[in-house]
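Build out the structure end to end from the sequences listed, making use of the hints.
Number of protein chains: 2
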Amino acid sequence: MAGTVFFSVSMSLDGFIAPESPDELMGKQWMELQQWVFRQRFFRENLKLGMGGEEGRDNDIVRETFERTGASVLGKRTFDAGEDAWPEDPPFHTPVFVVTHHKRDPWERLGGTTFHFVNDGIESALDRAREAAGDLDVRIAGGAETIVQYLNAGLIDEFHIALSPVLFGSGIRLFEHVDASRMALTQIDSEPSPSTTHLRYTVQSR
Amino acid sequence: MAGTVFFSVSMSLDGFIAPESPDELMGKQWMELQQWVFRQRFFRENLKLGMGGEEGRDNDIVRETFERTGASVLGKRTFDAGEDAWPEDPPFHTPVFVVTHHKRDPWERLGGTTFHFVNDGIESALDRAREAAGDLDVRIAGGAETIVQYLNAGLIDEFHIALSPVLFGSGIRLFEHVDASRMALTQIDSEPSPSTTHLRYTVQSR
Chain A
24 MAGTVFFSVS
34 MSLDGFIAPE
44 SPDELMGKQW
54 MELQQWVFRQ
64 RFFRENLKLG
74 MGGEEGRDND
84 IVRETFERTG
94 ASVLGKRTFD
104 AGEDAWPEDP
114 PFHTPVFVVT
124 HHKRDPWERL
134 GGTTFHFVND
144 GIESALDRAR
154 EAAGDLDVRI
164 AGGAETIVQY
174 LNAGLIDEFH
184 IALSPVLFGS
194 GIRLFEHVDA
204 SRMALTQIDS
214 EPSPSTTHLR
224 YTVQSR
Chain B
24 MAGTVFFSVS
34 MSLDGFIAPE
44 SPDELMGKQW
54 MELQQWVFRQ
64 RFFRENLKLG
74 MGGEEGRDND
84 IVRETFERTG
94 ASVLGKRTFD
104 AGEDAWPEDP
114 PFHTPVFVVT
124 HHKRDPWERL
134 GGTTFHFVND
144 GIESALDRAR
154 EAAGDLDVRI
164 AGGAETIVQY
174 LNAGLIDEFH
184 IALSPVLFGS
194 GIRLFEHVDA
204 SRMALTQIDS
214 EPSPSTTHLR
224 YTVQSR
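Residue numbers (this note's numbering), protein chains in the order written: chain A, 24 to 229; chain B, 24 to 229.
One thing to keep in mind: the hints can contain errors.
Stated by the list, open to error - Only part of the chain B face toward chain A is listed, based on derived beta-carbon distances under 8 Å: (1) Val32; (2) Asp37; (3) Gly38; (4) Gln52; (5) Met54; (6) Gln58; (7) Leu159; (8) Leu190; (9) Asp202; (10) Met206; (11) Leu208; (12) Thr209; (13) Gln210; (14) Ser213; (15) Pro215.
Note that these hints are calculated values from the structure, not bench results. Predicted, not measured: the structure shown is a model, and the values here were computed from it. For glycine and all other residues, C-beta sits at the position ideal for the given N, C-alpha and C.
Following this line, the structure appears as structure tokens:
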């Protein structure tokens, strides 16, 4: 029995999840968007950012998101950006399926993360991720374009957005190319935390 | 002592507050965006939509937003759209200042709404609205372009967004032209309701 297919992102109030260019990754707005997660103990330990960090509901949400995930799917550009940035034991600790035209052998890293390069489309990548995940869930881990491809194909069951009190003004919009006429959302949860609001939705086709 | 300057809008999860064209005003997504407010008793009575309607926290929010408002400011296009659509006693029941290049005498309607046409800019319109509002607050009542002009000028103190579980895909974005580098937001409240999430922010310049 396959698990749930979901995504989980931090989004600015004006709908952006990333700066336009990697040069801006240390920009003020980007840091403000991510600060709720960077402060959490589980996140810091998982990315080897040093000891400490907050515990509480936000930390639980980060940990629960990690623990439910049996495999992740990534777009090529997100993988490329991460390839240089992740530590030797990347924060996934599961199989990761990269949707790409680039042919490459599986890349096994420390800590249980192995990147598999899938050349025959998003459905194939998801099939392989489901199989690898077993009873756990599959996370579509970005970027925006890949998430929306899965949304438009009707392959996302639910998603979590941490909506943060920051405006980007420009950057990469999560829902830029969404085919809104084909899906309806049901809000299943809205949970305030000190620095963000956790919103959860299920997706229905229509 | 002047009151607070605020706006209050219903926004889709992908950041839109209106369809691109008035033809789409009865579209499925637009109705879904507005349904939380159309169902409320106070809103229905105020727009003469017939008896009945829900009571509860959402209704209280609609009523409180009305009761705090001593004067409103509108952009020209929002006024033009409303001029045909509002009943003889428009839902404001206060002075309304329309920012426009069009010269026109004040237009007094039933029920206490008088539209004043202001030809010398947004600050002048706000000054007049503050004066008319007395101890009550001034609502920048739309559209998106007018709201963002006031935001970018540092003239908004706080705002309320009812974020609804609907995707538009296209339309008029609330924050399209926001100068994000010049303002910081503080989330002061996040309140789930059955069909939307009420988010409140204060605005600080930086």
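Can the hint on Val32(B) be confirmed by a CB-to-CB distance to chain A that is less than 8 Å? Hint violated; Val32(B) Cβ to chain A Cβ min 12 Å, cut 8 Å.
For the restraint on Pro215(B), tell me whether the closest CB of chain A is nearer than 8 Å. The hint holds - Pro215(B) has a Cβ within 8 Å of chain A, the shortest such distance being about 3 Å.
Double-check Gln210(B) for me: the hint is only fine if its C-beta lies closer than 8 Å to a C-beta in chain A. Since the shortest Cβ distance to chain A is 4 Å, the answer is holds.
May I ask you to test the interface hint for Met54(B) with respect to chain A, counting a Cβ-Cβ separation under 8 Å as satisfied? At about 12 Å, which exceeds the 8 Å cut-off, the nearest Cβ of chain A leaves the hint on Met54(B) violated.
Answer holds if the nearest beta-carbon of chain A is closer than 8 Å to that of Gln58(B); otherwise answer violated. Cβ of Gln58(B) sits 12 Å from chain A, so the hint is violated.
Restraint: Leu190(B) near chain A, CB-CB cut 8 Å. Satisfied or not? 4 Å, holds
Please verify that hint: Asp202(B), Cβ, nearest Cβ of chain A, below 8 Å or not. Hint holds; Asp202(B) Cβ to chain A Cβ min 7 Å, cut 8 Å.
Return the status of the interface hint for Gly38(B): holds when the least beta-carbon distance to chain A is below 8 Å, violated otherwise. The hint holds - Gly38(B) has a Cβ within 8 Å of chain A, the shortest such distance being about 4 Å.
Proposed interface contact between Leu159(B) and chain A, which counts if any beta carbon pair is under 8 Å: 26 Å, violated
Restraint: Asp37(B) near chain A, CB-CB cut 8 Å. Satisfied or not? For Asp37(B), the interface hint holds, since the closest Cβ of chain A sits about 4 Å away, which is under 8 Å.
Quick check on the hint: Leu208(B) CB to chain A CB, less than 8 Å? Status holds, d = 4 Å.
Holds or violated: is the Cβ of Thr209(B) closer than 8 Å to a Cβ in chain A? Because about 6 Å separates Thr209(B) from the closest Cβ in chain A, which is inside the 8 Å limit, the hint holds.
Violation of the numbered hints given earlier is confined to hints 1, 5, 6, 7; the remaining hints are satisfied by the structure.
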